[in-house]
Every structure is written in C-alpha cells, then in structure tokens.
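Asks: Letter by letter, the chains look like this.
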Amino acid sequence: MKRKDLLGIRELDCSEILEILDTADSMQELSSRPIKKVPTLRGKTIINLFFESSTRTRTSFEIAGKWLSADVVNISMATSSVSKGETLIDTARTLDSMSADCVVIRHASSGAPHTIARMTKARVINGGDGAHEHPTQALLDALTIRQRKGTLSGLKVAIVGDIAHSRVARSNIHLLTKFGSDVWACSAPTLMPVEMNHLLTENQGRLHVTRSMDEALDQADVIMMLRVQFERMNESFFPSVREYFRHYGLSRQRASHAKPDAIIMHPGPINRGVEIASDVADGPHSVILDQVAAGLAVRMAILYLLLGV
Amino acid sequence: MDLVIKNGRVVDPARKIDDVVDVVIRGGKIASIGKPGVADLPQFDATGLVVAPGFFDIHVHLREPGTEEAETIASGGAAAVAGGFVAVAAMPNTKPSNDNPSITSYIISEAKRSSPALVFPIGAVTREQKGETLAEIGEMVEAGIVGISDDGKPVMDSRLFRRALEYAQLFNLPVIQHCEDLNLSKGGVMHEGVYSTRLGLKGIPSSAEDTMVSRDLILAETTGGKYHVAHLSTRRAVEMVRQAKAQGLNITAEVTPHHFTLTDAAVAEYDTNAKMNPPLRSQDDVDALRKGIADGTIDVIASDHAPHHANLKMLEFDRAPFGITGLETAVGLAFTELQLPIGRMIEMFAINPQKIMRVTPWGMFEGSEAHVTILDPKRNWTFDVGKSRSKSRNSPFHGREMTGKAVGTIVYGKVVHEDRS
Amino acid sequence: MTLKPNYQLMNAAEMHGTLNRLANEILSAHAGRDLVLVGVQRRGVPMAQRMAQTMIEKANVHPQLGILDINLYRDDLTHAAVQPIVRRTELPPDIDDKDVILVDDVLYTGRTVGAALRALTDFGRMRTIQLAVFVDRGHRELPVEANFIGKKIPTKDNEVVEVRLTEIDGEDAIYVMEKA
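Just so you know, the protein sequences line up as chains A, B and C, in that order. Sequential numbering of the first sequence, starting at 1, is according to my numbering. Sequential numbering of the second sequence, starting at 1, is according to my numbering. Sequential numbering of the third sequence, starting at 1, is according to my numbering.
Keep in mind the hints are simulated off the structure, nothing from the lab. Keep in mind that the hints are not guaranteed to be accurate.
[Said to hold, decoys possible] Taking lysine-lysine pairs in the DSSO-like style, the calculated list, with each CA pair at most 30 Å apart, reads:
{"#": "1", "chain 1": "B", "residue 1": "K202", "chain 2": "B", "residue 2": "K245"}
{"#": "2", "chain 1": "B", "residue 1": "K35", "chain 2": "B", "residue 2": "K6"}
{"#": "3", "chain 1": "B", "residue 1": "K6", "chain 2": "B", "residue 2": "K16"}
{"#": "4", "chain 1": "B", "residue 1": "K202", "chain 2": "B", "residue 2": "K186"}
{"#": "5", "chain 1": "B", "residue 1": "K291", "chain 2": "B", "residue 2": "K387"}
{"#": "6", "chain 1": "A", "residue 1": "K4", "chain 2": "B", "residue 2": "K186"}
{"#": "7", "chain 1": "C", "residue 1": "K151", "chain 2": "C", "residue 2": "K4"}
{"#": "8", "chain 1": "A", "residue 1": "K37", "chain 2": "C", "residue 2": "K98"}
{"#": "9", "chain 1": "B", "residue 1": "K355", "chain 2": "A", "residue 2": "K4"}
{"#": "10", "chain 1": "A", "residue 1": "K2", "chain 2": "C", "residue 2": "K98"}
{"#": "11", "chain 1": "B", "residue 1": "K16", "chain 2": "B", "residue 2": "K378"}
{"#": "12", "chain 1": "B", "residue 1": "K153", "chain 2": "B", "residue 2": "K245"}
{"#": "13", "chain 1": "A", "residue 1": "K121", "chain 2": "B", "residue 2": "K313"}
{"#": "14", "chain 1": "C", "residue 1": "K98", "chain 2": "A", "residue 2": "K36"}
{"#": "15", "chain 1": "B", "residue 1": "K245", "chain 2": "B", "residue 2": "K6"}
{"#": "16", "chain 1": "C", "residue 1": "K156", "chain 2": "C", "residue 2": "K179"}
{"#": "17", "chain 1": "B", "residue 1": "K35", "chain 2": "B", "residue 2": "K355"}
{"#": "18", "chain 1": "C", "residue 1": "K179", "chain 2": "A", "residue 2": "K2"}
{"#": "19", "chain 1": "B", "residue 1": "K313", "chain 2": "B", "residue 2": "K355"}
{"#": "20", "chain 1": "A", "residue 1": "K2", "chain 2": "A", "residue 2": "K36"}
[To be verified] Derived, one-sided and incomplete: chain A residues facing chain C with beta-carbon distance under 10 Å:
{"#": "21", "residue": "M1"}
{"#": "22", "residue": "R3"}
{"#": "23", "residue": "T23"}
{"#": "24", "residue": "L30"}
{"#": "25", "residue": "I35"}
{"#": "26", "residue": "K37"}
{"#": "27", "residue": "V38"}
{"#": "28", "residue": "P39"}
{"#": "29", "residue": "L68"}
{"#": "30", "residue": "A108"}
{"#": "31", "residue": "T210"}
{"#": "32", "residue": "L305"}
No experiment lies behind these values; they were computed from the predicted model shown. Built from N, CA and C at the ideal position, the CB exists for glycine as well.
With the rest of the complex left out, here is chain A:
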C-alpha cells in the first residue's frame, strides 16, 4: 500500500479498496486451517493503542496480527493518562521509541489518529475516531456485502440508527457511494447531523437522508442497523427505549419492506429489542456473524498490505 496510514475511507480510491478486499478474500481461508499461522509479518511489532475500550475490534486486530506471526501488544490508555494531560505528541514519541511498526488507534476524539499519524514513523490504522470514521468496519462490511451480493454497485443500502454519533455510518457512506450504490441514511430527527445531505463532496446524489424508516427500507438490498447508546436517552435524544424501538427498531414486519433476499447487518454489539428484534438478529437474513469473520480477513489484509513489504 502506497499510503503510510489507513485513516479513513474518504480519501481512498476504488482501486485501493479493491486491493484490500481481494487480498482479504484470499486470506480468509487461514481461519479454516489446522495451523492458523503464516510467517509473513514475523518480527513486526503491532501496537493496539485503544483510548476507548473495545474488546471486539481490539481482539480482531490482535488475532489478525498473531496469525501473521507479528508481535502484538495491547495498550489500553485508561482515562487516567488522559486526565494527566499526556499530549498526543508524547504518545507518538513513546511509540517511536518502542520501534512500533504499526499502531492501531481507537480514540473518542475525532481526528486524534490523524494527529498522531503526522507525528510518528509507525504506520497508523484508524480503529475508530469519535464520530468521524471507522475504515476497517466499512471494509469488512463491504467484503460481506460483496460475498453475499456479488457486487458493491447498484445496490440500495439502508443505514438506520444514531447517524449523528456514528463513524460506522460515515465510513460506509463514503465506501458504498464510491462504488455506485445508493445509501439511505435514516434516523430520528434528533439523531441526524445538520447538513447530512452535504456530507459527501463527490457522488452527492447517491446519499439520501430520511427520517422515515419505511422509505429507507423499501426494496433495500442491504439493511445496516447501528447500535444505539443508552446514554443518549439521558441527553434527551429520545425519551425511552420503547419509543425508539417502535419507530426505529428493526422488527420482522419492518424488515419485510426490503427485498426478499435482503441481508441484515450490524457492526455489533447488538442491543436486542432496542434497535433490532432478537428474531431478526438471529434470522436467516442476518449476516452479523459473517461480518465478524470478514473483519478478521480484512484486518489481516490491511496489516499485510501496510507491513508486508
């Protein structure tokens, strides 16, 4: 990969995305081998720098690195260092003194990985920054969609949930519109960012913004449900879980508006009965578990492409 870092989807072009997806496709079989190990990244040091806790993404990167024979170190930056006022430049310097080859950063503040990337020699992978981007999630979602639908173009994709606080939504919107699919972003009025319809600076016509779930799901090929955080209730974004599910939760009845062979996705972890009904999450159209497997393959591919040369 020519880039030093993978910070977002917005700046990637289709050929770079396809390179990652095709490599991930090839590497997926590693998980079915008796010995899940290849020597490709032997001697490389990968540091998972998670300022925001996340077991799933971190574990996924950890396994991906270890299967490629890299040395993986997890650093959980508890809030104590944040309150001690350690600056990002201190963090970057610490990484360089540890000779890290690659750092995976997850941070609650949008832009933090970008700032660190400018200040460190290590290749930086954005594991999710604030409400800004979560590129590996969008890539694994794309891999899952491509495996199920055979294409990333010409699809209708509905993304439903807390769009305002969702980096997953933004990254997916960038990726899918680049490939010529139409994305319908749907949320309650309080959870839609201002000027969302101007999010994109290219392919603007492919992004549709609506507060009607029925409109978003109508004949959709892919339904992507986003996690709702309970803290939002305390900030008056919506009054109760019951109300939220009634208007924006994915019930079986709602899901039937989509195409009969539509797939249902969720970045996880799911809140059963809040944004998605249990029987839908476990139903035949759900590809949630495939997403996890795809996540491993995509992260291996990214590590290989960044460090394998």
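Dock chains B and C against chain A, hints included.
Replies: What follows is chains B and C alone, placed relative to chain A:
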C-alpha cells in the same frame, strides 16, 4: 517624553482632522498639531504614513495572575505595542478571577511596572465568574476597572444579568457579554454545520449565540443599561444588533479579525489553531459580519487575544482549549481583508473603543495624553509567529501575507515600538 | 523494466505434448497412490488442472487438486519490487499421508519451492512432496531440484522465461525474454 512626529497624514475622525501636519509632543502630552515643527526635539519621520490616535484593543486575555506560562502582563503588553496598540482592556478570567479590587490593583501596578502598553482591567460581573452573585463592582471601579464582563463565560441567569445592567449604570460602566447559551452549545467544539458533520465533531450552533443576544437586547432595552456584545459571529446576531440600533438602544458591538477572515473550513485536518469560542462560522456569517462593519452596525474590532501554551494546543481537537492569539495580526488583517477607508479603520480601532470603555479619552487634540499609532497602509509583510512577542504561538496566521501594518506605537510620547524594516 | 523476446522455446503443440509426458511420468512413479496435484499460483494452477484432466482421460485416475499461494511465505518479501498480490489458497482437508506434486511453470532460484514447502508443513503431514515444472532454467540459490521436468535450458541472468497459458495469457507458448 518629547517628540515631533513629522510630515505624517494625521487622521482623527472624532476631531475632524485629516491633514499632513506635524504633531509636537512635550512632557508626554500633545502640545500642538499643525503648527510649524520645532527643530530641537527628537524626530519621528512619518512621511507617507498615517498618524492616528493610539489604538485600543478592548478584548484581550492576559494570563496573569495564574497562567503566566501562556502570557504575562509584560509579554502581553509587548505583543500589544508590536501590533500597534497603545492600550488593551484585560478580561477578568485570570486565576484567581479579577472579581475584587485587590486583583484589579495588582494588574494595574504590574502593568505600570512591566508593560509598554496601557492595561485597563475589566472586572468580573459575578463573584469568581460563577454567575451566581454580583461581584464588588463599585469597589473595583475605585480600583480602576473600565468595564465588566464574565467573558470566557456568559451570565446565564437572566435575572442576574438584568441586575448587572441596572447596577452598572451607577458607574456608567459598559456590561460586556460573551453570548453563548451553554445548554445549546454543550459539548460543541466548532461551528455546527457541514464541516462539523464531515469531521465528526460536535457543533456549537449559531442559535447558542443568537438566543442570548436576543435576550440581552431586550434586557438592555428594558433596563436602559450600556450593553456591549463581545465577538459577534453570526448573521442573525448582526441583524438583531442592527435593528436594536435603529430603535436607538444604547448598545455597541465588536468583531474579531479571525471572524471576518476565516470560516469553519479552516478547521480542515483538525487544526487546533482554528478552535475558538465563538467558533469560526460559515461564509454566509462572514459576509454578514463584513456588511455589519461597513454599515456601522459593528463599532469595534477587538482581537480576543487568547494565548495558550503550545502543549495545550497539541492535544486532540476535543480537548484543546479555545482561543488564538491576535494582537500582532489584528491591524494587518483589518487592512488586508476589509479595505476600509482609513477614517473608518481609526474609528473602529481607536475612537469607538474609548467611547465604550470608561477611560479618559486621548486623541489628536492639544492637552491629550500622547498615545499615538503610526500606520503604513501600503506595507507588505508576512506574519512570522516565531518572532511574536507573545509567549504563546497559537495563531492560524503564521505565514499569512498582508498589506498594511502598524509601524509605530507611542505611549505617553515614548516610542515603545517601531518597525522600519 | 522492459522485456523483449529473445526466442520461442516451445509452441502450443510442444507444450501439450510436454504436459502429457509429465502427467504420464507422475502416474508411473505413483501408481496406485493417492495423488494431490497442487498448482502454485499463478500459472501452476492451470498446469495442474490440465495434467489432472489428462490423467482422468488417459488413465482413469482422479487426482485431487489443490491451489497454493506462497506470497505469505516468501523469504525475500523485503526484496520484492512490487508488493505481490495474494491470491487464493485451497487445499483438500484430508491431505495427511497423501503424495503431493507441486506444479509450477518455472524453476529458477528455488525460493518459491522453499516457500511452498514451508506452507505445506502447516497443512498437515503429507507422505511425500515432489515437484513438477515446465522449465528448469538453472541458477539455483537453494538445494532444490525438480522430480519431473518439461525442459531444462541454460539461461543468462538478464533473461526471463515466460510461460504463457491460454487460461491466463490467451495463448499457449513459452518465450525466453531479455531485459532491455
């Protein structure tokens, strides 16, 4: 100090002077204007330059007492005169806050000792700027404050703000408000708009400023108080001020150079030097501010100089403090971006600030304290933040090319800054 | 780096003949055994498929087929000018105790075979591993030799042997090219 400013174009809109004449200064006061020059005095050659009443920046944060690593009264004063300002009004949000006469006295005596610029303290409206009870305003007036404000923060409680507007009238003090409804702006770090959506940052909506401006104008009208809006930033707020003035209310308004120069696009790749409060807003707002400057709705340009130690600005965008420096770029930006007639420039930088604040006026008249700003409207220059006199480096204007500069600053007849390069 | 053709080593007919001969040699050497033909990505794959087809048609023997991408096992990754594309690997799950024939187009330094051997050990314990190649062009850097060779030719360092197969390149031919 004695001095003759020779051959400059002397412009004072308040005294209706615009002429190429000499200014003679004796004993720190203006002795004569226009009379033939005297040969035995030290000379300041102002050929081709504009000679104006000393500029006064009425919105400056000197970080002393409390955060001297960012700025001291001495370094802030040095930055002020380097920017062409003979005087600054210092906001009270120091540590501890300037909410009592001892802090006010300290600031004044420290300024006398170490600052080349005059420092006029602004006292807090409320104790510790907590917005709960009034500070000892009268006592502070005795000690020398020239206005009151809780800047940094608004006075949220409407009843309390009403009391402040009423009480300040005893002393003919302006009440300066940083307009921001803290509930609407909560958590926000930049203007709420298309850029905050793209960058995934929480926004501060224009309505946070507008709702409070609206409330304050009504309170100003019903109390008859002297009200001044700090750092206007939105189209709607400018319009409301325009209408209020048309109704004859005793209100004034200020704008900062960064608000009429930059938009929220400047945040770009999470540049913390584009983070301030109120935030940089949209092009539409910038256009409205410029129109407000041109038609007189906005009275004053003030820098809102807010120095911060370099480490603090190297934090992630969410955590970095709000504010940028501005004393040394204010005049240059005004010249370059606004292209105002020189008389209007001088009104906004020198005449109106003195009308608003509780100070003894100075200007181009016999007997005035000799506080003078010399301007070169044609000087091409580039701002180098590395050479700034401020202790802090948080400016988005490093490397910016400008035309027009303050090239001489004279306080009590003494040349405290000169730039002949 | 531009290449210009030096001479043609084999045409389509000669290639078909050679593949048939190799298939027969393999069958003779492994009569009665469970064979797995593992094509090394990229051109070893259609080679293995064609040889398997010949075995089925001529001798009614059905070898298993496998595909192996060795890019994750290369020892000279840091020297690769262009990052190699990682392609699919697919091996039969029950590969223990079977006889594996690695199939590749050109045997040169031997490093590809070295990587393939490293890869195969992670998949199980095969009974034997042997190597079949179209062209052996010499210049070994590791102690590796092929068991079944299509053609052995001396080559110069600045030459490249290009095996073209219809499935990938649109034609069947083998050229020796020269780096210009």
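Asks: Each hint needs a verdict: does it hold in this structure or not?
Replies: Right, here's what the structure says about each hint:
1. B:K202 with B:K245: violated (34 Å)
2. B:K35 with B:K6: holds (11 Å)
3. B:K6 with B:K16: At roughly 19 Å apart (the allowed maximum being 30 Å), K16 (chain B) and K6 (chain B) satisfy the hint.
4. B:K202 with B:K186: holds (9 Å)
5. B:K291 with B:K387: violated (33 Å)
6. A:K4 with B:K186: violated (36 Å)
7. C:K151 with C:K4: holds (21 Å)
8. A:K37 with C:K98: Measuring from Cα to Cα gives roughly 22 Å; hence the hint holds.
9. B:K355 with A:K4: violated (57 Å)
10. A:K2 with C:K98: violated (42 Å)
11. B:K16 with B:K378: Judged against 30 Å, a Cα distance of about 23 Å means the pair holds.
12. B:K153 with B:K245: holds (25 Å)
13. A:K121 with B:K313: holds (21 Å)
14. C:K98 with A:K36: The given pair, whose Cα atoms are some 21 Å apart, holds under the 30 Å limit.
15. B:K245 with B:K6: Distance of about 40 Å is beyond 30 Å: violated.
16. C:K156 with C:K179: Status holds; Cα separation ~10 Å.
17. B:K35 with B:K355: holds (28 Å)
18. C:K179 with A:K2: Holds: K179 (chain C) and K2 (chain A) sit about 26 Å apart, inside 30 Å.
19. B:K313 with B:K355: Not OK: K313 (chain B) and K355 (chain B) at ~35 Å, beyond 30 Å, violated.
20. A:K2 with A:K36: Given pair K2 (chain A), K36 (chain A) holds - Cα atoms ~28 Å apart, limit 30 Å.
21. M1: holds (8 Å)
22. R3: violated (12 Å)
23. T23: Holds - the Cβ of T23 (chain A) comes within 10 Å of chain C, reaching about 5 Å at its closest.
24. L30: holds (8 Å)
25. I35: With Cβ-Cβ at 4 Å, under 10 Å, it holds.
26. K37: holds (6 Å)
27. V38: Holds. Min distance 4 Å.
28. P39: holds (6 Å)
29. L68: holds (8 Å)
30. A108: violated (33 Å)
31. T210: Violated - the Cβ of T210 (chain A) stays beyond 10 Å from chain C, reaching only about 40 Å at its closest.
32. L305: holds (7 Å)
Taken one by one, the earlier hints fail for this structure at numbers 1, 5, 6, 9, 10, 15, 19, 22, 30, 31, listed in ascending order.
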